[in-house]
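Asker: Sequence:
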Amino acid sequence: MAKFKLDETDHQILDMLIENTRTPFTDIAKKLLISAGTVHVRVKKMEEAGIIIGSSLTLDYKKLGYAFIAYVGVFLKNTSQTKFVLERINEIPFVTVAHVTTGKFNVFCKIRAKNTQHAKDIIFQLDDIEGVYRTETMISLEESINDKKRLMHSIFQEM
Numbered sequence: 001m002a003k004f005k006l007d008e009t010d011h012q013i014l015d016m017l018i019e020n021t022r023t024p025f026t027d028i029a030k031k032l033l034i035s036a037g038t039v040h041v042r043v044k045k046m047e048e049a050g051i052i053i054g055s056s057l058t059l060d061y062k063k064l065g066y067a068f069i070a071y072v073g074v075f076l077k078n079t080s081q082t083k084f085v086l087e088r089i090n091e092i093p094f095v096t097v098a099h100v101t102t103g104k105f106n107v108f109c110k111i112r113a114k115n116t117q118h119a120k121d122i123i124f125q126l127d128d129i130e131g132v133y134r135t136e137t138m139i140s141l142e143e144s145i146n147d148k149k150r151l152m153h154s155i156f157q158e159m
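Taking full-length UniProt numbering, I'd label the letters of the sequence shown as residues 1 to 159.
Read the hints as simulated data drawn from the structure, not as lab findings.
Each hint can be trusted.
With a straight-line cut-off of 30 Å between C-alpha atoms, the simulated BS3-like cross-links for lysine-lysine are:
id : residue 1 : residue 2
1  : K148      : K83
2  : K77       : K120
3  : K63       : K120
4  : K149      : K110
5  : K30       : K149
6  : K5        : K44
7  : K110      : K63
8  : K149      : K44
9  : K31       : K149
10 : K104      : K114
11 : K45       : K31
12 : K44       : K30
13 : K5        : K148
14 : K104      : K148
15 : K31       : K5
16 : K45       : K30
17 : K149      : K63
18 : K148      : K114
19 : K77       : K110
20 : K120      : K104
21 : K104      : K83
22 : K114      : K63
23 : K148      : K45
24 : K62       : K120
25 : K149      : K45
26 : K120      : K83
27 : K31       : K148
28 : K104      : K77
29 : K110      : K148
30 : K83       : K114
31 : K120      : K110
32 : K148      : K44
33 : K148      : K30
34 : K44       : K31
35 : K30       : K5
36 : K62       : K110
Build out the structure end to end from the sequences listed, making use of the hints.
Answerer: So this is what it looks like as structure tokens:
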């Protein structure tokens with residue numbers, strides 16, 4: 001499969017959509033001095049090429065009462081249990097991200113909780129999963145960087 005070529009207009013469209021996925025194509029078109037139809041066609045091509053996959057919504061978890069973030073490294077008794085453990089982790093709604101990793105942990109999770117007591121309950125749920133040997137937790141004091149645009153701009157510069 002050939003590599004999809006993005007031009008500067010595609011970059012600008014993606015830049016605006018990363019900022020706000022609900023930006024109307026007409027607004028993007030006005031800013032870029034092109035037609036809304038052109039924006040629509042370019043977005044459609046990027047979707048068909050798999051560069052744009054769906055769209056996402058960003059929630060303010062603090063306002064929803066879930067400001068506590070922790071990262072939990074999970075050690076497994078046997079790596080053959082990875083799939084089973086991930087299926088059990090997926091049943092815990094407060095685990096928002098889970099990665100199978102190399103190095104110190106077999107699985108690395110991000111959890112969101114209401115407070116330390118709630119986080120403790122979630123961590124105990126992880127500990128109780130059959131196949132989990134132990135866990136190691138790091139509390140996030142602050143999410144200092146969460147910027148999709150910086151990576152996108154670096155990728156564009158390489159193209």
